[in-house]
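S.K.: Chains as they are written, first to last, in my numbering: chain A, 1 to 666; chain B, 1 to 155; chain C, 1 to 172.
Quick caveat, the hints were computed from the structure, so don't treat them as lab data.
Among the hints, erroneous ones may be present.
[Said to hold, decoys possible] Straight-line distance between alpha carbons at most 27 angstroms, and here's what the computed DSSO-like set of lysine-lysine pairs gives:
#1 C:LYS25 / A:LYS383
#2 C:LYS129 / C:LYS154
#3 C:LYS25 / A:LYS609
#4 A:LYS270 / A:LYS335
#5 A:LYS383 / C:LYS167
#6 C:LYS61 / C:LYS5
#7 C:LYS167 / C:LYS61
#8 A:LYS609 / C:LYS110
#9 A:LYS270 / C:LYS5
#10 C:LYS154 / C:LYS25
#11 C:LYS154 / C:LYS61
#12 C:LYS167 / C:LYS154
#13 C:LYS61 / A:LYS335
#14 C:LYS129 / C:LYS61
#15 C:LYS117 / C:LYS162
#16 A:LYS529 / A:LYS609
#17 B:LYS66 / C:LYS129
#18 A:LYS116 / A:LYS270
#19 A:LYS383 / B:LYS66
#20 A:LYS521 / B:LYS66
#21 A:LYS383 / A:LYS116
#22 A:LYS270 / C:LYS6
#23 C:LYS167 / C:LYS129
#24 C:LYS61 / C:LYS117
#25 A:LYS383 / C:LYS129
#26 C:LYS129 / C:LYS110
#27 C:LYS165 / C:LYS154
#28 A:LYS383 / C:LYS154
#29 C:LYS6 / A:LYS335
#30 C:LYS61 / C:LYS25
#31 A:LYS529 / C:LYS6
#32 A:LYS521 / A:LYS569
[Said to hold, decoys possible] Label-pair restraints from in silico Cβ distances:
#33 A:PRO530 / B:GLU61: 22 to 30 angstroms
#34 A:SER488 / B:VAL107: 27 to 35 angstroms
#35 B:GLY96 / A:LEU345: 37 to 45 angstroms
#36 A:PRO143 / C:GLY94: 49 to 57 angstroms
#37 A:GLU339 / C:LEU11: 25 to 33 angstroms
#38 B:ASN78 / A:PRO152: 54 to 62 angstroms
#39 A:SER613 / B:GLN95: 42 to 50 angstroms
#40 C:ASN27 / B:GLU61: 28 to 36 angstroms
Every residue, glycine too, gets a C-beta built ideally from N, C-alpha and C.
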Amino acid sequence: MIATLGRFSIWFALAIAVYGVCVSILGIRRHRPALIESAQGAIVSIFGLSSFAVLLMEAGLVGHDFSLEYVARNASLDTPVFYTIIALWGALEGSILLWIWLLGLMSVLAVMIESKRQRELMPYVTVVLLCISAFFLFLAAFPASPFTTISPVPPDGRGPNPLLQNHPLMAVHPPGLYAGYVGWAIPYAFGMAALISGRLGETWIRTVRRWSLVAWGFLTIGIIVGGRWSYEVLGWGGYWAWDPVENASLLPWLTGTAFLHTIMIQERRKMLKFWNVALVIITFALTIFGTFLTRSGILSSVHAFSDSGVGPLFLGFIGVVLFLSFSLLVYRSDKLQAEGDLDSLVSRESAFLVNNLLLLGFAFSVLLGTLFPLLSEAVRGVKVSVGEPFFNTVNVPIGLSLIFLMAIGPLIAWQHASIESLRRTFAGPLCLSIMGTGICWFFGVRGLYPLLAFGLSLFTVITVCQEFVNGARTRRRKTGEGYLTALSKLTSRGRRRYGGLIVHLGVAFLVIGITASSVFKLEQEVTLKPGESLQLGRYQVRFDDLSAWQEPHRFVVQGNFTIFNSNHKVAEMRPAKRFYPTEQQPIGTVDVRSTMREDLYLVLSSFAKDGTSATVKALVRPLMMWIWVGGWIMILGSLIAIWPDRRRALAADSVEEYVAWQPGRS
Amino acid sequence: MRSALFALLVAGILSAQWASAAVAGSLEEQTLRLAAELRCPVCQNLSVADSPSEMATQMREVVHEKLQNGESPDQIRNYFVSRYGEWILLAPTRQGFNWVAWLLPFVAIVGGGGIIVLTIRRSIRRGHKGNVEPSGSTDPRYTSQLDEELKEWEQ
Amino acid sequence: MATWKKLSLLLSIIPLLLLLAYGFKTNPREVPSPLVGRQAPPFALTMFDGSHNSLEQLRGKPVVLNFWASWCFPACYEEAPHLEAAWQTYRDRGVIVIGVDIQDRDADAKAFIDRFKFSFPNGPDPQGKTSIDYGVYGVPETFFIGRDGTIHYKHVGGLDEKVLKAKIEEML
Numbered sequence: 001m002i003a004t005l006g007r008f009s010i011w012f013a014l015a016i017a018v019y020g021v022c023v024s025i026l027g028i029r030r031h032r033p034a035l036i037e038s039a040q041g042a043i044v045s046i047f048g049l050s051s052f053a054v055l056l057m058e059a060g061l062v063g064h065d066f067s068l069e070y071v072a073r074n075a076s077l078d079t080p081v082f083y084t085i086i087a088l089w090g091a092l093e094g095s096i097l098l099w100i101w102l103l104g105l106m107s108v109l110a111v112m113i114e115s116k117r118q119r120e121l122m123p124y125v126t127v128v129l130l131c132i133s134a135f136f137l138f139l140a141a142f143p144a145s146p147f148t149t150i151s152p153v154p155p156d157g158r159g160p161n162p163l164l165q166n167h168p169l170m171a172v173h174p175p176g177l178y179a180g181y182v183g184w185a186i187p188y189a190f191g192m193a194a195l196i197s198g199r200l201g202e203t204w205i206r207t208v209r210r211w212s213l214v215a216w217g218f219l220t221i222g223i224i225v226g227g228r229w230s231y232e233v234l235g236w237g238g239y240w241a242w243d244p245v246e247n248a249s250l251l252p253w254l255t256g257t258a259f260l261h262t263i264m265i266q267e268r269r270k271m272l273k274f275w276n277v278a279l280v281i282i283t284f285a286l287t288i289f290g291t292f293l294t295r296s297g298i299l300s301s302v303h304a305f306s307d308s309g310v311g312p313l314f315l316g317f318i319g320v321v322l323f324l325s326f327s328l329l330v331y332r333s334d335k336l337q338a339e340g341d342l343d344s345l346v347s348r349e350s351a352f353l354v355n356n357l358l359l360l361g362f363a364f365s366v367l368l369g370t371l372f373p374l375l376s377e378a379v380r381g382v383k384v385s386v387g388e389p390f391f392n393t394v395n396v397p398i399g400l401s402l403i404f405l406m407a408i409g410p411l412i413a414w415q416h417a418s419i420e421s422l423r424r425t426f427a428g429p430l431c432l433s434i435m436g437t438g439i440c441w442f443f444g445v446r447g448l449y450p451l452l453a454f455g456l457s458l459f460t461v462i463t464v465c466q467e468f469v470n471g472a473r474t475r476r477r478k479t480g481e482g483y484l485t486a487l488s489k490l491t492s493r494g495r496r497r498y499g500g501l502i503v504h505l506g507v508a509f510l511v512i513g514i515t516a517s518s519v520f521k522l523e524q525e526v527t528l529k530p531g532e533s534l535q536l537g538r539y540q541v542r543f544d545d546l547s548a549w550q551e552p553h554r555f556v557v558q559g560n561f562t563i564f565n566s567n568h569k570v571a572e573m574r575p576a577k578r579f580y581p582t583e584q585q586p587i588g589t590v591d592v593r594s595t596m597r598e599d600l601y602l603v604l605s606s607f608a609k610d611g612t613s614a615t616v617k618a619l620v621r622p623l624m625m626w627i628w629v630g631g632w633i634m635i636l637g638s639l640i641a642i643w644p645d646r647r648r649a650l651a652a653d654s655v656e657e658y659v660a661w662q663p664g665r666s
Numbered sequence: 001m002r003s004a005l006f007a008l009l010v011a012g013i014l015s016a017q018w019a020s021a022a023v024a025g026s027l028e029e030q031t032l033r034l035a036a037e038l039r040c041p042v043c044q045n046l047s048v049a050d051s052p053s054e055m056a057t058q059m060r061e062v063v064h065e066k067l068q069n070g071e072s073p074d075q076i077r078n079y080f081v082s083r084y085g086e087w088i089l090l091a092p093t094r095q096g097f098n099w100v101a102w103l104l105p106f107v108a109i110v111g112g113g114g115i116i117v118l119t120i121r122r123s124i125r126r127g128h129k130g131n132v133e134p135s136g137s138t139d140p141r142y143t144s145q146l147d148e149e150l151k152e153w154e155q
Numbered sequence: 001m002a003t004w005k006k007l008s009l010l011l012s013i014i015p016l017l018l019l020l021a022y023g024f025k026t027n028p029r030e031v032p033s034p035l036v037g038r039q040a041p042p043f044a045l046t047m048f049d050g051s052h053n054s055l056e057q058l059r060g061k062p063v064v065l066n067f068w069a070s071w072c073f074p075a076c077y078e079e080a081p082h083l084e085a086a087w088q089t090y091r092d093r094g095v096i097v098i099g100v101d102i103q104d105r106d107a108d109a110k111a112f113i114d115r116f117k118f119s120f121p122n123g124p125d126p127q128g129k130t131s132i133d134y135g136v137y138g139v140p141e142t143f144f145i146g147r148d149g150t151i152h153y154k155h156v157g158g159l160d161e162k163v164l165k166a167k168i169e170e171m172l
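With the rest of the complex left out, here is chain A (with noise of 0.2 angstroms):
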């Protein structure tokens, strides 16, 4: 029954695409609005239908349907009810169903909201998304049917992965990823309206800058909160191993972050036209791409699916996407011509060119080093690893001179800046963060990078602060408001550029918690025996016993330990191993002890079965915590940007222009 309804409205709605791609097609040349509008129809038809095929598959989830074989691998009796909701994303066809019914979203949101001040661009950019949607049911619809059935049906299925089933953040970081890389069709979307339409003015610009930013917003949450599933489950003690679909998800990121930039000048200095085009398009073909390395298995991953057979499709989609998009980009070139020019080398433009050749050249080393693998078969036919070392290496300088860029950039003039407004605007700075430097080094931190990470970040906090202090200052002297008054009225009227500079507040603690966990952390691997203690940085750990029992779906063993921390009880930690039935080797759970200072990380790593000792592998690592606060500062910021404003947006464009038009004062 779920699997008939299923797969009818999964086929219903490839048909519903097909037809409203040609349609409005049709309507386009024959310039018949009824004919759009029906195409619009379409995309909330699709929608409705994605909606229904994502609650039979939740049905079939929750109501244990193991005729179903999505149901019968991916659940079990003894899972708990919210890991067999989310086991919706826990494999490949679930997953393609979750990005069909985003995309539904995010298409049905786009039409309501734009259509009406959009009428020329909508059109296209109903055929654009009809596409991408009729490419991802095709492959629900053929190679990755959600709604196959097995025969005989199973009595119990065989349950989510366990890795999958151990942390509640699996409920947010699929789908944020998703969100974000589904986010990107948007923008995408419209960039080739204008393309197609060849009304390459800044109204797709305008329209698309909020789209990108939600999209954006969802990435970084899936990545952020990626991180932190991956320190607080796969029990390695870090949280971005440079695996090819971290890397994959951190591409589209990179270039996003990039376009977000550029859009700025497109919009007021109607330059980059050409540039912000291309750039849409690689973030879009990238997020493709990282679906493309999740599912065909080219590379080994912690989060290669088994290989299935749509990789080849995936590949295809890419190609027909690139060669697409950019021959319409180099057909329309004529018309991107930059309208105005640069006056200096020193200003907010060069700044942001120099801020996308670094994202570009962050995401090129990324995009090389997670493929050189294939490279150096290919060429040499010898295998080598592309990791860590590598990616630290070449990155970490990029990374710095990135962060450089970002505390200087937005307060670089417009246009021309004079040396006497670059000194006036960062002497203070500049002097402040070298003295906290300075106090770094003299507390104990050496090397160049922790150091430059540490006063770069630093001048950032600086400048940010310094620019809210100011435009507070100046807004309290012209109005006479209180402080903190003039400081979200200042907020309110200028949302994307102080969202942007809350933002680049958080990149800044997210560097700080970086270096310092990476720099001073602490490591030790110990066996000890029941009452034995192993001493690490403050820390006292001791190893009290193990404790164990039976769970409907696993089996426990627990290590007990207590922690001290110069002779004070501190806290009771209890890492864990979990034996699942399905599973030859257990799965670790971590227990970790945050405080803003350092986090005590402790992973048991083997035992002996008659409970006489335990191996347990503890870490410190400062200022883990700030990387989290970073992280959820910068969606902070990044919702302050996307919020709408009540005014119209016109009239807040042109005060946040002016106030960003004056460095240095106040």
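Chain A is fixed; fit chains B and C onto it per the hints.
M.R.: Relative to the frame of chain A, chains B and C by itself:
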């Protein structure tokens, strides 16, 4: 001149890592540092230092033992390469074709930087030929405009 | 925009797609061993029955060195009967089959040996010395060591009867 500077920069970046690796610590620290360069064979993209798997634990012990016997980090790396192939190293060796991976990002950035500088210069020249716009940075006009705008909003 | 620029922009997509397509042809999990064709690393094992085996003693005989584990399901379970059968067939012609059990608990390993009634020598690999020396990265893996002590062939994954027979014949 520029290319010499670039070469110096890249050499500096690449050797920064080596310099830190040459600083000797306790045997445990040396073991972890070496293990961080080796790929755990049974894991997905985790180093021998990070991986909680049994194989990685055993490999850490082998590294530890070899260091104790006085073998140099290079000898130990070579040992693992001779058994597992280049694949065991988490960063490609700096030789031959592998230089493509190490250098291409920097070449691309420097090349891109050159293009940007040229573009900006050309654009500035073009701008000067046409009507010369007043530079906005220290123009008091905008300050007053802001004030007006703000006042207008408050009403 | 100059035509050559347009063309080169479009053409630059092709090598990228080709590289990705090449990825379908390769298996990231299959890593060729540098040991093949070289002298086999020496090993000295204490078997589960208490006897000793080392490569030194076996010089002059073809050796099939199989790395397995009881938790390696299903590949190790599938190849186990073939190994025992090959041992029965070829032991009279001087071929030695040796099983090395890695990353395992002794009790589980002994149950595995009983289950498949292994009569060829099997021993544990304490601290993984031998498996690391042989560059083992997963189980099962099998090395075919010729009479002169060089590694003739390495097989990754479960063995079937045909490969096993063919490779042993080649060494005889």
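S.K.: Run every hint past the structure and note whether it holds.
M.R.: The hints, checked one at a time:
1. At roughly 14 angstroms between alpha-carbon atoms, C:LYS25 and A:LYS383 fall within 27 angstroms of each other, so this suggested pair holds.
2. The straight-line distance between the Cα atoms of C:LYS129 and C:LYS154 is roughly 18 angstroms, inside the 27 angstroms bound, and the hint therefore holds.
3. The hinted pair formed by C:LYS25 and A:LYS609 fails the criterion: a straight-line CA distance of about 44 angstroms is larger than 27 angstroms.
4. Annotation: proposed proximity of A:LYS270 to A:LYS335 holds, straight-line Cα distance about 12 angstroms (limit 27 angstroms).
5. Only pairs whose Cα atoms come within 27 angstroms are accepted, and A:LYS383 paired with C:LYS167 is accepted, the gap being roughly 25 angstroms.
6. Between C:LYS61 and C:LYS5, the direct Cα distance comes to roughly 65 angstroms. Violation of the 27 angstroms bound is thereby established for this hinted pair.
7. For the hint linking C:LYS167 to C:LYS61, the alpha-carbon distance of about 14 angstroms falls within 27 angstroms, and the restraint holds.
8. At roughly 17 angstroms between alpha-carbon atoms, A:LYS609 and C:LYS110 fall within 27 angstroms of each other, so this suggested pair holds.
9. Annotation: proposed proximity of A:LYS270 to C:LYS5 holds, straight-line Cα distance about 22 angstroms (limit 27 angstroms).
10. Pair hint C:LYS154 plus C:LYS25 holds up; C-alpha atoms about 21 angstroms apart against a cutoff of 27 angstroms.
11. Annotation: proposed proximity of C:LYS154 to C:LYS61 holds, straight-line Cα distance about 17 angstroms (limit 27 angstroms).
12. At roughly 10 angstroms between alpha-carbon atoms, C:LYS167 and C:LYS154 fall within 27 angstroms of each other, so this suggested pair holds.
13. A hinted pair counts as satisfied when its Cα atoms are at most 27 angstroms apart, and C:LYS61 with A:LYS335 does not qualify at roughly 77 angstroms.
14. For the proposed pair C:LYS129 and C:LYS61, the alpha carbon gap of about 23 angstroms is at most 27 angstroms, so the pair holds.
15. Annotation: proposed proximity of C:LYS117 to C:LYS162 holds, straight-line Cα distance about 21 angstroms (limit 27 angstroms).
16. Taking the CA atoms of A:LYS529 and A:LYS609, the gap is near 13 angstroms; set against the 27 angstroms cutoff, the hint holds.
17. Note on B:LYS66 and C:LYS129: the hinted pairing holds, with a Cα-Cα distance of about 12 angstroms set against a maximum of 27 angstroms.
18. For the suggested pair A:LYS116 and A:LYS270, the alpha carbons sit about 25 angstroms apart, so the restraint of at most 27 angstroms is met.
19. For the proposed pair A:LYS383 and B:LYS66, the alpha carbon gap of about 26 angstroms is at most 27 angstroms, so the pair holds.
20. Note on A:LYS521 and B:LYS66: the hinted pairing holds, with a Cα-Cα distance of about 24 angstroms set against a maximum of 27 angstroms.
21. Taking the CA atoms of A:LYS383 and A:LYS116, the gap is near 55 angstroms; set against the 27 angstroms cutoff, the hint is violated.
22. Distance hint between A:LYS270 and C:LYS6 is fulfilled; the C-alpha atoms sit about 22 angstroms from each other, no more than 27 angstroms.
23. Restraint check for C:LYS167 and C:LYS129: satisfied, since their Cα atoms lie roughly 26 angstroms apart, inside the 27 angstroms limit.
24. Taking the CA atoms of C:LYS61 and C:LYS117, the gap is about 24 angstroms. The hint holds against a cut of 27 angstroms.
25. For the given pair, A:LYS383 sits about 24 angstroms from C:LYS129 by alpha-carbon distance, which is consistent with the 27 angstroms threshold.
26. Of the pairs offered as hints, the one joining C:LYS129 and C:LYS110 holds, with about 20 angstroms between alpha carbons and a cut-off of 27 angstroms not exceeded.
27. Distance hint between C:LYS165 and C:LYS154 is fulfilled; the C-alpha atoms sit about 14 angstroms from each other, no more than 27 angstroms.
28. Between A:LYS383 and C:LYS154 the alpha-carbon distance is near 17 angstroms, which keeps this suggested pair within the 27 angstroms criterion.
29. Simply put, C:LYS6 and A:LYS335 have alpha-carbon atoms about 14 angstroms apart, close enough for the 27 angstroms limit, and the pair holds.
30. About 37 angstroms separates the Cα atoms of C:LYS61 and C:LYS25, which puts this hinted pair outside 27 angstroms; it is violated.
31. Our distance criterion of 27 angstroms between C-alpha atoms is broken by A:LYS529 and C:LYS6, whose separation comes to about 70 angstroms.
32. Between A:LYS521 and A:LYS569 the alpha-carbon distance is near 22 angstroms, which keeps this suggested pair within the 27 angstroms criterion.
33. Between A:PRO530 and B:GLU61 the CB atoms are about 24 angstroms apart, so this pair conforms to the stated range of 22 to 30 angstroms.
34. For A:SER488 and B:VAL107, the Cβ-Cβ distance of about 47 angstroms falls outside the hinted range of 27 to 35 angstroms, so the restraint is violated.
35. Between B:GLY96 and A:LEU345 the CB atoms are about 39 angstroms apart, so this pair conforms to the stated range of 37 to 45 angstroms.
36. The hinted range of 49 to 57 angstroms is satisfied by A:PRO143 and C:GLY94, whose Cβ atoms lie roughly 51 angstroms apart.
37. Look at A:GLU339 against C:LEU11: about 29 angstroms separates their beta carbons, and that is inside 25 to 33 angstroms.
38. Between B:ASN78 and A:PRO152, the C-beta spacing of about 56 angstroms keeps the proposed range 54 to 62 angstroms intact.
39. Between A:SER613 and B:GLN95 the beta carbon distance is about 45 angstroms. The supplied range of 42 to 50 angstroms therefore holds.
40. The hint said 28 to 36 angstroms for the Cβ distance between C:ASN27 and B:GLU61, and at roughly 30 angstroms that hint holds.
Violated hints, in rising order: 3, 6, 13, 21, 30, 31 and 34; the structure is consistent with all others.
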